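K.L.:
Fit chain R to the supplied structure of chain E, relying on the hints for placement.
There are 2 protein chains.
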Amino acid sequence: MGGLRLEHCVPCSRNTPPMNPDEIDAMLAEVRAWEKVEEDGILRLKKQFTFKNFTQALAFTNKIGALAENEGHHPAILTEWGKVTIYWWTHIIHGLHQNDFIMAAKTDELVDQREE
Amino acid sequence: MGGLRLEHCVPCSRNTPPMNPDEIDAMLAEVRAWEKVEEDGILRLKKQFTFKNFTQALAFTNKIGALAENEGHHPAILTEWGKVTIYWWTHIIHGLHQNDFIMAAKTDELVDQREE
Chain E
115 MGGLRLEHCV
125 PCSRNTPPMN
135 PDEIDAMLAE
145 VRAWEKVEED
155 GILRLKKQFT
165 FKNFTQALAF
175 TNKIGALAEN
185 EGHHPAILTE
195 WGKVTIYWWT
205 HIIHGLHQND
215 FIMAAKTDEL
225 VDQREE
Chain R
115 MGGLRLEHCV
125 PCSRNTPPMN
135 PDEIDAMLAE
145 VRAWEKVEED
155 GILRLKKQFT
165 FKNFTQALAF
175 TNKIGALAEN
185 EGHHPAILTE
195 WGKVTIYWWT
205 HIIHGLHQND
215 FIMAAKTDEL
225 VDQREE
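Keeping their order, the protein sequence lines are chains E and R.
Heads up: the first sequence runs through residues 115 to 230, numbered per our numbering.
Heads up: the second sequence runs through residues 115 to 230, numbered per our numbering.
Treat the hints as calculated values from the structure; they're not laboratory data.
Fair warning: this is a prediction, and the values are worked out from it, not measured in the lab.
All residues carry an ideal CB built from backbone N, CA and C; glycine is no exception.
Some hints here could point you the wrong way.
Claimed, not checked - Cross-link-like lysine-lysine pairs, in silico, DSS-like; alpha carbons within 25 angstroms at most:
(1) E:Lys150 <-> E:Lys177
(2) E:Lys150 <-> R:Lys150
(3) R:Lys150 <-> R:Lys177
(4) R:Lys150 <-> E:Lys197
(5) R:Lys177 <-> R:Lys166
(6) E:Lys150 <-> E:Lys197
(7) R:Lys150 <-> E:Lys177
(8) R:Lys177 <-> R:Lys197
(9) R:Lys161 <-> E:Lys197
(10) E:Lys160 <-> E:Lys150
(11) E:Lys197 <-> E:Lys161
(12) E:Lys161 <-> R:Lys197
(13) E:Lys177 <-> E:Lys166
(14) E:Lys166 <-> E:Lys197
(15) R:Lys161 <-> E:Lys160
(16) R:Lys197 <-> R:Lys166
(17) E:Lys177 <-> R:Lys177
(18) R:Lys177 <-> E:Lys166
(19) E:Lys161 <-> R:Lys161
(20) R:Lys197 <-> R:Lys150
(21) R:Lys160 <-> R:Lys177
(22) R:Lys177 <-> R:Lys161
(23) R:Lys197 <-> E:Lys150
(24) R:Lys166 <-> E:Lys177
(25) E:Lys161 <-> R:Lys160
(26) E:Lys197 <-> R:Lys160
(27) R:Lys166 <-> E:Lys166
(28) R:Lys177 <-> E:Lys197
(29) R:Lys197 <-> E:Lys160
Claimed, not checked - Across the chosen pairs, the derived CB separations fall in these ranges:
(30) E:Asn184 <-> R:Glu144: 41 to 49 angstroms
(31) R:His122 <-> E:Asn129: 51 to 59 angstroms
(32) R:Asp154 <-> E:Lys177: 26 to 34 angstroms
(33) E:Thr169 <-> R:Thr169: 37 to 45 angstroms
(34) E:Ala180 <-> R:Gly117: 33 to 41 angstroms
(35) E:His205 <-> R:His122: 33 to 41 angstroms
(36) R:Glu144 <-> E:Thr169: 26 to 34 angstroms
(37) R:Ala173 <-> E:Val151: 23 to 31 angstroms
Claimed, not checked - Partial pick of chain R residues on the chain E-facing surface, computed with a CB cut under 8 angstroms:
(38) Cys126
(39) Phe168
(40) Thr169
The shape of chain E in the complex, shown without the other chains:
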């Protein structure tokens, strides 16, 4: 789990193949409680985080935003009162890539930093 957190996103092109189901299942074991969901025919990684109120949820959204800008890879972030749901996938390949698992691991790292 520690290893993924230390990696960085690599550039993808339209010709980069999305991960196949076996690769995805193997990588899911490397991240903590992320699930794969299919929406609009595209596989994504999804995880919900809970907070005490709206302000704390929005603060987390901003931390994820800064992480996304740093890595040049952007999620969908659903911010609500007391919860934030993050979706990672790779737009250009309409599917999942190693980059998404790296970002999932880095997302968990931000949560751990909050809790320490």
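P.N.:
Showing chain R alone in chain E's frame:
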């Protein structure tokens, strides 16, 4: 349209009735291009706003967050690269209330301020 922007949310209880379909349709005419959508059996107001990049989208999310805190009424905000989708509804009554239309109008007001 100007009127709603000047109003403020009023407290709701579990006994407050949600708006009926006729009331909702009448109020939809008072806001700009908001649509009603049903998700998980609950009617919500939905509108998507577009931006030049992720940073501008996240900045708008934060403006909506400040508005929500000021009024004590909180939306679901989906932040993505170049777009933000806002959903307003009233959690405690599992439906739509005049407050949601007030917040929709105030959301548009924030956009107008950006464009001025």
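K.L.:
What are the numbers of the hints the structure violates, in ascending order?
P.N.:
Of the numbered hints, 2, 7, 27, 33, 38 do not hold.
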